[in-house]
Amino acid sequence: MSEHATTQSPKTSQGFLDKHHFLLRRLHSLSGIVPVGLFVCMHLFTNFQLAPALVGKANTFQHEVEFIHSLPALVIIEVSLWLGIGFHAALGLVYTFTGKANVKCYSYMDNVRYTLQRVTGILALIFIFLHIATLRWRWNLGGWFTPFFVEGPDGTPLVAATTAHALQGSALVLTLYIVGVFSVVYHWANGLWTAAITWGLTVSVQAQKRWGYVCLALGLVLAIFSAGAIGGALRYPISEKETAAYKASVEHYKQTGEIFHGGGHTPATIETTSPDQ
Amino acid sequence: MIAKNPDSQNSVHFKIKRQDGPDKPAYWQTFDVPYKPNLNVISCLQAIAANPTTSEGQETTVVVWDCNCLEEVCGACTMVINGTARQSCSALIDQMREQGFGSRENPIVLEPMTKFPVVRDLWVDRSRMFKQLLRLKAWVPIDGTHKLGAGPKESPEMQDERYQLSRCMTCGCCLEACPQYLKDNHFIGANAIGQTLYFNEHETGKNLQGERLDVMMEPGGISDCGNAQNCVKVCPKEVPLTLAIAKVGRQVTVHAIKKFFMGK
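So the sequence lines, in the order shown, correspond to chains A and B. Under this note's numbering, read the first sequence as residues 1 to 277, first letter to last. Under this note's numbering, read the second sequence as residues 1 to 264, first letter to last.
It should be emphasised that the hints constitute simulated quantities derived from the structure, not laboratory data. None of these values were measured; they are calculated from a predicted model. Be aware that one or more of the hints could be misleading.
Claimed, not checked - Distance condition first, Cα-Cα at most 30 angstroms in a straight line; then the derived DSSO-like pairs of lysine-lysine:
| hint | chain 1 | residue 1 | chain 2 | residue 2 |
| --- | --- | --- | --- | --- |
| 1 | B | Lys206 | B | Lys264 |
| 2 | A | Lys209 | B | Lys237 |
| 3 | B | Lys264 | A | Lys100 |
Unchecked claim - Selected chain A positions facing chain B (in silico; Cβ < 7 angstroms):
| hint | residue |
| --- | --- |
| 4 | Ser31 |
| 5 | Pro52 |
| 6 | Asn102 |
| 7 | Tyr106 |
| 8 | Ser107 |
| 9 | Met109 |
| 10 | Tyr114 |
| 11 | Thr146 |
| 12 | Phe148 |
| 13 | Val203 |
| 14 | Tyr246 |
Claimed, not checked - Chain A residues, not near chain B, derived (Cβ > 10 angstroms throughout):
| hint | residue |
| --- | --- |
| 15 | Phe22 |
| 16 | Ile197 |
| 17 | Val205 |
| 18 | Arg235 |
| 19 | Gln255 |
Note that CB positions come from ideal geometry on N, CA and C, so glycine has one too.
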């Protein structure tokens, strides 16, 4: 009588997901906060260093990026992030299709919020994939190739110019970045709000409301950071020297597969962290 | 007063989704019911049963529906009225006419709930909910052959919270409105999570807390909740379902950590 009264037997293809159902669900929630969400905060804050270009001032974006590239064993951080994002995205996709949106009949704001969380998740996944694949892995997707360079062969700083080049060059890329970045910000802020319910941190209606204001504030700050960065990249004046250095870097990359970065002006791939190699 | 057309004024118009049996196709029929003050959807369905003739004057079968208490405490007459799940006994025609429903152009639309199998017409089989309550051991274990003595004391605050949870009548509105609860998935649903908290917070009922939380951790358990929070908004008994979801979420978190470090 007390056997499982589930209406159907679980599908065998979902065996793994069902066996570790609870653990995977909670790891999915956790992975959205650490490492992915935390990284998004840092990334968007770094991007905000581009904002001074909005008012025609010099930016510190170059310095920030050089600092990140100088971190020891950066590849470990990178791979952990890729795995974290991949795990969160793969499970998120599965979970998205366990539900069926019904905002048409039940048009409450919370229901819209629920639906948007799933829509922005998928938009963010598409954006993040294209962002990493082109800028970091330097895939040439249908000619949409924006190799990211820290410096030119002569040591010209290229971080801001490369970003500006990518966003100023194509309305499609700009649209993708605007939609993608704001999807990420919404997904992160709303996810932080629902995670607090999932883990049982915010219990009462009032507590959920208070935590909602905190998440809203975080989301607004990240949105301002993002708007500042995109605006800065759009207003950034690319000099002739930078254009020349950029072209030389592209040529060098095509021939050797290496980029110039960081202080010593030594050509090296990011993976090669030791100067001896 | 509402419309000049005497026909519109003197009858209430219904559009009803019919289905002759569990595996039969659904179809729509319209009915006109003579207006009287203080009608509700049930009394209109009774009038249709007394004279099962469509608006076109065609004789048809009686529209079947489920009901019992007629005072919004049993949950049996729940159906989708004008797109929203609610009880047909407390769906008052005068109120709906004020909102502009019931005319020929904008009839009152009755459909069976979509998350449960249809038995016939507006009558659905809600047994999945009752099976889940069995699975959760939604009771206080006091059976035995020996005298148990006086029960434990309960604080007024806890009484107040548990009273609100006790109002659940397993009608299914929360599940009908839930984007995560589907006819063909395993999600246990908001009402079952509410009852889990109700019995876990009972001083004797909490003896079975671990077993209930184990069920909550299984596939279809509490983690399938997507926090759309429609449940609490459609609940006719104002059961604090989102509070229950968050509290049981916390109980499950603690339970899982305890099991990780101390379980076998």
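Given Ser31 of chain A was flagged as interface, is its beta-carbon under 7 angstroms from a beta-carbon of chain B? With a closest approach of 14 angstroms, the Ser31 of chain A hint is violated.
Is it correct that the beta-carbon of Val205 of chain A has no partner in chain B closer than or equal to 10 angstroms? violated, 7 angstroms
Lys206 of chain B paired with Lys264 of chain B [C-alpha distance capped at 30 angstroms]: holds, 21 angstroms
So, Tyr106 of chain A near chain B? Judge it on the closest CB pair being under 7 angstroms. holds, 5 angstroms
So Phe22 of chain A supposedly isn't at the interface. Is its beta-carbon more than 10 angstroms from every beta-carbon in chain B? violated, 4 angstroms
Once the shortest beta carbon distance from Met109 of chain A to chain B is found, is it less than 7 angstroms? Violated - the Cβ of Met109 of chain A stays beyond 7 angstroms from chain B, reaching only about 9 angstroms at its closest.
30 angstroms Cα cutoff - pair Lys264 of chain B, Lys100 of chain A: The hint is violated at about 37 angstroms.
Distance rule for Arg235 of chain A, whose beta carbon must clear each one in chain B by more than 10 angstroms: Holds, because the least Cβ-Cβ distance between Arg235 of chain A and chain B comes to about 39 angstroms, which exceeds 10 angstroms.
Evaluate the condition: distance from the CB of Gln255 of chain A to the nearest CB of chain B exceeds 10 angstroms. At about 51 angstroms from chain B, Gln255 of chain A clears the 10 angstroms cut-off, so the statement holds.
Please check whether Ser107 of chain A passes as an interface residue: C-beta within 7 angstroms of a C-beta belonging to chain B. violated, 10 angstroms
Are Phe148 of chain A and chain B close enough, Cβ to Cβ, to be under 7 angstroms, as the hint says? violated, 36 angstroms
At a threshold of 7 angstroms, is the proposed contact between Pro52 of chain A and chain B supported by beta-carbon distances? Hint on Pro52 of chain A: violated, closest Cβ of chain B at ~39 angstroms, above 7 angstroms.
Checked against the numbered hints above, the structure violates hints 3, 4, 5, 8, 9, 11, 12, 14, 15, 16, 17; every other hint is satisfied.
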